[in-house]
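Enquirer: Put chain S on the given structure of chain X with help from the hints.
There are 2 protein chains.
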Amino acid sequence: MSSSFAPLQNDTFLRACLRQATDYTPLWLMRQAGRYLPEYCATRAKAGSFMGLATNVDYATEVTLQPLERYPLDAAILFSDILTVPDAMGLGLSFAQGEGPRFATAVRDEATVARLAAPDLDKLRYVFDAVTSIRKALNGRVPLIGFSGSPWTLACYMVEGAGSDDYRLVKSMLYARPDLMHRILQVNTDAVAAYLNAQIDAGAQAVMIFDSWGGVLADGAFQQFSLAYTARVLAGLKRTGVDGQIVPRIVFTKGGGLWLEEMGALDCEVLGLDWTMNLGKARAIVGASKALQGNIDPNVLFAPPAAIEAEAKKVLESFGRPHTDRSMPGPTHIFNLGHGISQYTPPDHVAALVQAVHAHSRLMRK
Amino acid sequence: MSSSFAPLQNDTFLRACLRQATDYTPLWLMRQAGRYLPEYCATRAKAGSFMGLATNVDYATEVTLQPLERYPLDAAILFSDILTVPDAMGLGLSFAQGEGPRFATAVRDEATVARLAAPDLDKLRYVFDAVTSIRKALNGRVPLIGFSGSPWTLACYMVEGAGSDDYRLVKSMLYARPDLMHRILQVNTDAVAAYLNAQIDAGAQAVMIFDSWGGVLADGAFQQFSLAYTARVLAGLKRTGVDGQIVPRIVFTKGGGLWLEEMGALDCEVLGLDWTMNLGKARAIVGASKALQGNIDPNVLFAPPAAIEAEAKKVLESFGRPHTDRSMPGPTHIFNLGHGISQYTPPDHVAALVQAVHAHSRLMRK
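These protein sequences, in sequence, are chains X and S. Sequential numbering of the first sequence, starting at 106, is according to this note's numbering. Sequential numbering of the second sequence, starting at 106, is according to this note's numbering.
Just chain X, same shape as in the assembly (with noise of 0.2 Å):
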């Protein structure tokens, strides 16, 4: 497929993701186009409703550039859900008004799970128009990252029907019927490749798999039923996209970090981080063969602009020295939160937090 989108104008983040040196540590933030933003709430108003915000192309398009518009970030994420995926199997998503997500089909007894099949693309073709609208809008300025839950992670939401506190549901089915759990986790597996490969065909430069939920499972559950299917995701990827470029893998686990060795085994090549991790133990573990991202705390954000330049600091030390050999492949940082920015952040706190890691970074390079 030969491609007609603008020439890249910066290459940091995708430099960074495949252990090249950089000038300074590129960033992006978890949700960055979200509803801290008051041109987002505009926006998500005239739209009517968060899904009518995410299938909606031109409102997509709109808000994934909105915080490029106030901040020098070094990357685009797609504006979406990790949830499309399950609403397209039919599982009718909703957002009501102040709450989580919900569906009106929970998948909790033998006979839902033996219907469960991976979607029809054509019911996800809004999410991959809105990749190529976004890719035409960025006109290269920064790469475009693609993203979908991890099959355990969309179990959850399946299984649960809802967000949940607990995990009750979907830990009864995992421990009193595993094969009823592997055999959602396989359809997800499916689905999520499909997925994530589609986004890579419509001009994703990047693709990330949030696995929000794995860190809530057992030591040993977690490998069973997390890990071993996002494996599987990683394995049915497309390696190059629309431009003939490498597309690199990002794999996030909130609450994985006591699995950081395991994840290390993992064929992608970066690894997001939250915020109980050190950076400089999980550069330790993980070794020369991936770049790690994260993991400042969104919290940070509602200190004052020189607490949060403080933190965005120490975040940066923990890391370490980066890599400066042009010549060779090396430790890498992508600066990000270690969780989604919340609704409350001021927005000229990121603004203060941008600024302070592209600042420090170079120094840290001198």
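No lab work stands behind these hints, which were simulated from the structure alone.
Which stretches of chain X does chain S cover? Using the computed rule of at least three CB atoms under 8 Å from a CB of chain S, they are:
no.	region
1	358-364
2	377-385
3	416-424
4	442-452
Glycine residues also receive a C-beta, built at the ideal position from the N, C-alpha and C atoms.
Expert: Same frame as chain X, but now just chain S:
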């Protein structure tokens, strides 16, 4: 102080806390006196409210002993709540039906922080009276564990005013006004040490510090705002109880697995672990200095008895071969859940767990 309590008949739990060999792996369950037991619900209905139950010595004694009537558990734990201490500080604790705890006064501004003081222990007399009453009612069957929330965990509730899913308010204070946070934590430290010492004087034979929310902190912040204050509490604790016996101290940080090496340096006898940590790895990290307590996922109890048995064996085997040499201390394991038991647990599934742990751990020593 001399004791008139009956001699202890089952010292398996206390021996394991002190890393002494035992015939089997002792077991108790966090929140073992609770809503999953119909007899508990009946007593609570008589008491009218949760605090009505906790503050009535006879009711607190009754519900503490209920799980021991059903299951051959190796320890009893005081029936109470971690929020009794901030309640006694005058913050006005209440439990609305179907919701979590709530404080009438949240500690969020400079003036409220300045007014905060460790409570008059007379306001917690009902807790100490319950300890003595339970100890008498136990009549030496098994040891009684006293407990408190950690300074950080109490601070979370005091600042948030209730439970939280993002800890935004308490972390905002931590990052924006660390001086206020340190003052709250120091007041809590003094209060928790005095509270636990009074429980020891009233008859508690072991004490446990629940750092339920330590795991939500960032690396660096955990050490400074949670671990350091837990260490100060430990430094202030009595070492012997009313019988002249050593009182083992257990520290449990939910989500604290990544900091186990640093927790290994705490001056306590036992570290509690949640289900994300592999017990064999934990044993290797902590070394010979401490017993380990935990860590099956409470959701395993929703599986059929055969699956519960298999998972219990996995947890026992993950710790590895237990210490059997009675001439010297060595690695010991106290079986527990990785967090409190769910209110939806079928009581007969608990019986299956207790039976499996006792039987299989005897076999492992053969």
